[in-house]
Each structure stands twice: as structure tokens, then as C-alpha cells.
Amino acid sequence: MSELPRPQIDEISRPYWEGLEQGRLLYQHCRSCGHNWLPARQTCSACLSTQLEWLQSRGQGRIVSWVVYHVAYHDALKDRLPYDVTLVELAEGPRVLTNIVNSRGGKALRIDARVDLAIEREGDMSLARFRLVEDAAP
Amino acid sequence: MRGRTVIAGIGHTAYGKHPGRDRVSLIVEAVGNALVDAGIEKSRLDGVLVKMANSEPSFLYGQRVAEALGLRPKLGCSLDQGGAANIALISYAAMAIEAGMAEAVVVCYGDTPRTGSRAVFNRPRGDEAIYGWYSVAAGYGLIHQAYRHTYDAEERGFGAVAVTCRANGARNPNAQLRKPLSMDEYLASPWVVEPLRRDDCCLVSDGAAAVIMTSAKLAREWGIRALVPILGFGQGQESWDVQHRPDLTSTMARASAETAYRMAGLGPSDIDVAQIYDCFTIAVLMTLEDYGFCKPGQAGPFCREGALPFNTSGGLLSETGTPGLQLVIEGVRQMRGTANLQVRNARHCIVSNQGGTMQTHGTLILGAPG
Ligand SMILES: [Zn+2]
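Residue numbers (the numbering used here), protein chains in the order written: chain F, 1 to 138; chain W, 139 to 508.
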């Protein structure tokens, strides 16, 4: 079975992926204007500054939206069906696409539901997945 | 700008499957049909503007098309704005004609994703593919979901878009999909990427289309009979990828429409018929709201009431999934009074194009001749 395409890890994004390996979710912060964002880039889109640093997220966020796949677009995704891809906004501001580990095939997901970081191993990588804080399971 | 440039000719190929056909040859066929429709010689064309093919972006594509047309035009380019490119090119052509850079400009597009590769629609989406983030549909799914929950919108509102387009397409002899759809069938149609059902998603089509533009003054000198004035146009670039934009339920389509309305000296209540880019049903609902036809969250009930005739040839959901020029062509037919499902006494038609996951948007307002 072929593997999913891997993220393009380069000089700009390496701190993010290395952070996950060490159990930390990092985001970029502008020292000039305070803007926070992901994914990594070399300039601040708010004030155009290059004075950037990496900070550690507390790992808390809320669900903005989500979709549930019932069809696998890649062979490696067949075993996950049905699976969610969820848009989470971190408390610090950046938004990430992720999976919710206790989504029950998407059935447990709600807009604005609170989620916490739940880093998981996927092959030889660490991914920033999340867990619903108040799982509405009966 | 209002009314100073006109659409003088329209042409397209059959929509659906064109096995073995090169996309440029389809464009040549469509341009040939548009020249016949306008009743002018090929040698009159001194502008060739081409929308980049979704399934194969390439360098100097506009020039390759001009060469296949046997032309060395003054004005030429290919444009990447995804599905908004055709209306953007029409607006650039209008300004170039007004500025005296060219006299007769053809705006054209062709592609073969149905018999060729549709990989572009099913592609992995960047670094998030490892989370299973695949396909164009999924981005629209995020927007559809956010809209549904923000407005507590019922599924039948989305269904009304699909049912309307499919009913109109069923009565269009040139439509690729001529099977009408009932609301019950819509509600029972399978998930593609939940919350998108199969019948929320447009067709994948081979085909090409072309429109020929010139100044109102030259069109009259050349004796072109069915000239449809361009009253207004605008653009709005949402630009940010779907996961990063602050508001998922409205886009720069609003600014695009405001620009076009202002240029035309018109407002939503002056529009008699609309051709709304319907790659997914959510795009129609949000465009109707951003265009001011109804309040945010009200487009579903608005469509169910049938308050405004739209996508009268079937749209991307039924006529053809090619990206947008067919909507302009149907707008031209409505203004000429020659549409298959003609709206009686229609004086003003608004057309929308949009591309990517709503990153780009273009608006065109056409008027009736004379
Ligand atoms: Zn900044």
C-alpha cells in the first residue's frame, strides 16, 4: 500500500514539525505587532515584519467547521473511513486542519466545541490531532 | 464603461465527453462558432484572452491558442483565477477595447477533465494531506457545514438549488445531464464528503466556449445585429485559503457585486435573471446573499420560493461543469431573447464566476440590446 504524501518539511516549517516530535505544538508570533499564525512563513501578513519567533500553544481550541469522508481519496485512507477533517482555532488565534480522535466518525462534532491537543504518531511522524473536551457520548 | 463594449458573438462545443480531443482544438471549434454567430471574419480578432486549463496549467498558453487560431493578436494572455477567470478576462477585454488597445477580443476556455485527468479535483491538499485532507469538494464542505450551523439552514435550501438547476437542465437539449432531480432524491443522494451530497456537486465536463467582444460603435459599423451591452463588472479576491479566512459564510463576492452594480447604475431589484456559479450548491446560496438578493442565511428559502429565475440553462450542476463561460453565454441568450427557458421581458442579467475554494470572484451585468 502506498503512503500518503508527506508534508514538505523545509527550513521554514522545520521548527513546527520538530516541535511536534517533542510533544509541543508551536506557532509563529510577530514581535512587531503580536499577530499569531500557522502554517509557517517568513513574514508577518498583518504588519509585514520579519521579526518572528516560535511560541508554544497551550493546546486548547474550538471547532470552527468539519467534514466527514465516506470515500477514500487514497488507498492509505481506506482503513480510516469514515473519518473527520476538522478546522480548529487555537486559543492563541492560528487555525489548523486536524482530526478529532474521539469524533466517532464525525457524529460527536459540534461547532464551537472545545478541544485539547492530542499528539499522535502516524508512521514515523507526530501529528497535531485533538480530543473533544466534553465528549457528548451517551 | 457602461454599455460601451458589447458581446457580439457566442460559441461553444458540445458539452460532456470528447475522447481523443485536444483541449486547444476544442477552443478553436468554440471560437469558430462564435465568429459565425457574430458574423465577422477571423482576421478582425486582435485580442485572444484564454482562461488557463484547470487540469493542465502551462506557460504561454494564450499564445499557443492564438497560434492554433492562426492569429498574431495585439492583446494576448492566459489568466489563472480558477473559475473566476472568464469574467475577469471579459472585464480586462472591455477596458482594453475602451483604451484602444484592441478592437475585437475573443475570451475563450476549453478543457478535457472528463475523458482526461480529473486528478486536480481529487488532489491531496498540501501538508494537511497526512490528516486525510483531500479534494476540492472538502473545502466547500467546510463552508457548507459552517453556513448550515451559523444560520440553522435546512438541507432543503441547498436541495432547492440542485433541483432548480436540474429541472432547467432537463429542458435544455444541449445539457450534459438531462435527468431532473426531486427533493426526495436530493435528500437521499449519497455523501461525497459529508455534508456534501452527490447532488450538491457539479459535473465534470469536456468542452470549450468563447465570447467575442468589441465596442458598441464598431459592432454597429460592422452590422452585428445581436449585440449585448456590458453594463458593469467587478471582482473580489477572498484570496486566503479556506482554513484561514476569518468568515466562512460570506466572501469578497459582496465587493465584486457592489463594484458591478455601481458601474451599471443598478441594484439587485433591477436584475431579472441570474446565472450563478454553481460548482457546489453552497456557492449559489452565498452568492445570492452577497449579491443582495436576500439577507444572510435566507438564500435557501429564497430559492425554494423561486423568487428569481437563475441558471436557466442548468448551470454547472446540469448543463456542463466547465468553469463559467457557459453562464455568460446563457446570460447573452437571455438578453437577446433567444434562451431556451426565456425569462419574459428580461432587461438585466447578472452573472457570477468564482474559483478555487471561493478565493476568487467575478461579476458581470449584461443588458438587453437597444
Ligand atoms: Zn506583525
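I should point out that these hints are in silico values taken from the structure, not numbers from a laboratory.
Computed from a predicted structure; not experimentally measured.
All C-beta atoms in this analysis are idealised placements derived from N, C-alpha and C, irrespective of residue type, glycine included.
Some clues are possibly wrong.
Footprint (simulated), chain F over chain W, 3 or more residues, beta carbon under 8 Å [stated by the list, open to error]:
#, segment
1, 234-248
2, 323-332
3, 381-392
Subject >> Outcome, coverage of the segment 234-248 of chain W by chain F - at least 3 residues whose beta-carbon is closer than 8 Å to one in that chain >> reply: Result for this restraint: violated, n = 0.
Original post:
Against chain F, does the segment 381-392 of chain W show at least 3 residues with beta-carbon separation below 8 Å?
Top reply: Held - the segment 381-392 of chain W has 3 residues with a Cβ nearer than 8 Å to chain F, which meets the minimum of three.
Original post:
For the segment 323-332 of chain W, do three or more residues have a beta carbon lying closer than 8 Å to a beta carbon of chain F?
Top reply: Per the Cβ count (5), the hint holds.
Of the numbered hints listed earlier, the single one contradicted by the structure is hint 1.
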